[in-house]
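Novice: Starting from the structure of chain A, add chains B, C and D where the hints point.
Chains as they are written, first to last, in numbering that gives the first Met the number 0: chain A, 0 to 161; chain B, 0 to 161; chain C, 0 to 161; chain D, 0 to 161.
A couple of the hints might just be wrong.
Claimed, not checked - Straight-line alpha carbon distances no greater than 20 Å define the calculated EDC-like cross-link-like pairs of lysine to aspartate or glutamate that follow: (1) Lys1(D) x Asp41(D); (2) Lys66(C) x Glu43(C); (3) Lys1(B) x Asp51(A); (4) Lys1(B) x Glu157(A); (5) Lys66(B) x Glu45(B); (6) Lys97(D) x Glu130(D); (7) Lys50(B) x Glu34(B); (8) Lys92(A) x Asp112(A); (9) Lys92(B) x Glu68(B); (10) Lys1(A) x Glu157(B); (11) Lys1(D) x Glu157(C); (12) Lys92(A) x Asp59(A); (13) Lys92(A) x Glu68(A); (14) Lys1(D) x Glu34(D); (15) Lys97(D) x Glu45(D); (16) Lys1(D) x Glu158(C); (17) Lys1(C) x Glu34(C); (18) Lys50(C) x Glu61(C); (19) Lys50(D) x Glu61(D); (20) Lys92(B) x Glu58(B); (21) Lys1(C) x Glu158(D); (22) Lys1(C) x Glu157(D); (23) Lys97(B) x Glu158(B); (24) Lys1(A) x Glu158(B).
Hints were generated in silico from the structure; no laboratory data involved.
Protein chains: 4
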Amino acid sequence: MKIKIYTTGGTIDKVYFDQKSNYQVGDPQAAGVLERANVVLDYEVESIIRKDSLDFTDEDRELIRMKVESTPFERVVITHGTDTMVDTGRVLKNIAGKTIVMTGSMYPAQFRDSDAVFNIGCAVTAVQILESGVYIVMNGCIFNPRQVRKNVELNRFEENTT
Amino acid sequence: MKIKIYTTGGTIDKVYFDQKSNYQVGDPQAAGVLERANVVLDYEVESIIRKDSLDFTDEDRELIRMKVESTPFERVVITHGTDTMVDTGRVLKNIAGKTIVMTGSMYPAQFRDSDAVFNIGCAVTAVQILESGVYIVMNGCIFNPRQVRKNVELNRFEENTT
Amino acid sequence: MKIKIYTTGGTIDKVYFDQKSNYQVGDPQAAGVLERANVVLDYEVESIIRKDSLDFTDEDRELIRMKVESTPFERVVITHGTDTMVDTGRVLKNIAGKTIVMTGSMYPAQFRDSDAVFNIGCAVTAVQILESGVYIVMNGCIFNPRQVRKNVELNRFEENTT
Amino acid sequence: MKIKIYTTGGTIDKVYFDQKSNYQVGDPQAAGVLERANVVLDYEVESIIRKDSLDFTDEDRELIRMKVESTPFERVVITHGTDTMVDTGRVLKNIAGKTIVMTGSMYPAQFRDSDAVFNIGCAVTAVQILESGVYIVMNGCIFNPRQVRKNVELNRFEENTT
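Next up, chain A with everything else stripped away, as it sits in the complex:
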């Protein structure tokens, strides 16, 4: 089973640049996470966008959709900023025959206690088992993009029951 992993920036890929006393989206972290976990999976990582997801345009979302539609892989993981992950998830609906799992992290992968490693573990597992469709895998749960929201105060994703 082959897995395609698209990285699009977001907190998970943020690194710190002391020169600017700020941090910015850096190199995709997913590849390093999978190497350190010594996975036996057959996967490819491709960086397609490097942005804070708050800055995503409609064109960015179309690019992601186009990439997912055109890849021959049936199993696709997308790492994405958390602020608009749900919006992109909705743009990806109705792509036949593909299991698409979106994930990201609340803390940059380079932090000591980041949730990035855990979340990537969850995402690559979910993508292997779930039937075709779009899913958001965050905080240990599998969400439907139409029934999830980011709870900013509690800094986590939750089912949207409204």
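Specialist: Below, chains B, C and D alone, put in the same frame as chain A:
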């Protein structure tokens, strides 16, 4: 969906005791991993054995089976030493109506680059999605306990094609 | 020998706030570093400023000088942002009878590979041995504030030979 | 100022070998620690022994003394197992014109919360400032090898007041 997590020792729970210039099985690490990942899951962690899995007896395996059979939870994760995880997995077959996922790690959870966080992420995800049965989730893959072996040289689990 | 540690913010204390997709100066990290290192030292940590050092005013520097002058401790460590550490160091000259060591870090203490733990180890050691005066301890070296500069491209402190 | 660093094994260099369900002295960790700290120091690391210090023989201690005596460097750091660091320190007395600082760690350098990075920071700082003699730098303090003991219960070095 509620998840029961049994911990049974093994490398994942090994901590270092300088006094003895050695390390031993310590407190279960799974709870801390799930807290740091800020999971929204409904789960309980219970420590039932604290041993290197090479030292497991038939009674230890019977205890694990008894615990899994008697818990009202339908979704069960077991953290376990890697050396005899496959053996215990085989003892757990034919428990009706339960999804049982075993995992562990090649490096103690307290190591900087341990695979423990990744593997627990994989395990709690798999247990939510898979149908009833026993599974070993290691190195990013979902294995059938009857078709997997630990490749000691490469320090990973692989499908046993023989 | 008693050591007073003043924290004033800077990169070393920066934590990530996902809500704002940014990070800000958070709780002082020095205390946690010293606890994890299990030091036998007699020390007190006091947070007096929480700012990026680029935002320091003359009043901030006067506050630091006043605090150092008025403490009964003869050994003082100051954690400080790297961008204007040298400027504050110059303001602290000619305080009789006190050994003052300034340090900070290029990466936030909460990063996996931050230089913060190393630098705090260097600073608390230097402050115990050096005679009275002001010193900047960064990148493993002991600098005179009048003969050091931050090399922004190489992201380190160097002797200023000009 | 040039610093010679001899590594002799001990807990600081212990890595985990899952194959043997045990850990053993591995590659010296000091070089990686100094690289990650981005030090501006002029130093050389040389691995001369790879043993648990409980297994050191008189010949091992003579080798260390011979190495220290014969190096042209006047500033020498030795990383060493904690159990017999004091014994080796006593063997190194009366080497004229050399500042010798011994350090090690209570937890392997590869642990998340190891004291190794802090201790190496302390040691390379102390060796630059102290006058000639032999010192043990552990738990943030500078000890005389004749007036220190390892407190096994509290897992730290303390002044030996008896």
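Novice: If a hint holds in the structure, say so; if it does not, say that too.
Specialist: Taking the hints in turn, this is what the structure says about them:
no.	hint	verdict
1	Lys1(D) x Asp41(D)	5 Å, holds
2	Lys66(C) x Glu43(C)	13 Å, holds
3	Lys1(B) x Asp51(A)	34 Å, violated
4	Lys1(B) x Glu157(A)	16 Å, holds
5	Lys66(B) x Glu45(B)	10 Å, holds
6	Lys97(D) x Glu130(D)	8 Å, holds
7	Lys50(B) x Glu34(B)	24 Å, violated
8	Lys92(A) x Asp112(A)	33 Å, violated
9	Lys92(B) x Glu68(B)	11 Å, holds
10	Lys1(A) x Glu157(B)	16 Å, holds
11	Lys1(D) x Glu157(C)	16 Å, holds
12	Lys92(A) x Asp59(A)	16 Å, holds
13	Lys92(A) x Glu68(A)	11 Å, holds
14	Lys1(D) x Glu34(D)	16 Å, holds
15	Lys97(D) x Glu45(D)	17 Å, holds
16	Lys1(D) x Glu158(C)	16 Å, holds
17	Lys1(C) x Glu34(C)	16 Å, holds
18	Lys50(C) x Glu61(C)	15 Å, holds
19	Lys50(D) x Glu61(D)	15 Å, holds
20	Lys92(B) x Glu58(B)	16 Å, holds
21	Lys1(C) x Glu158(D)	16 Å, holds
22	Lys1(C) x Glu157(D)	16 Å, holds
23	Lys97(B) x Glu158(B)	23 Å, violated
24	Lys1(A) x Glu158(B)	16 Å, holds
Taken one by one, the earlier hints fail for this structure at numbers 3, 7, 8, 23, listed in ascending order.
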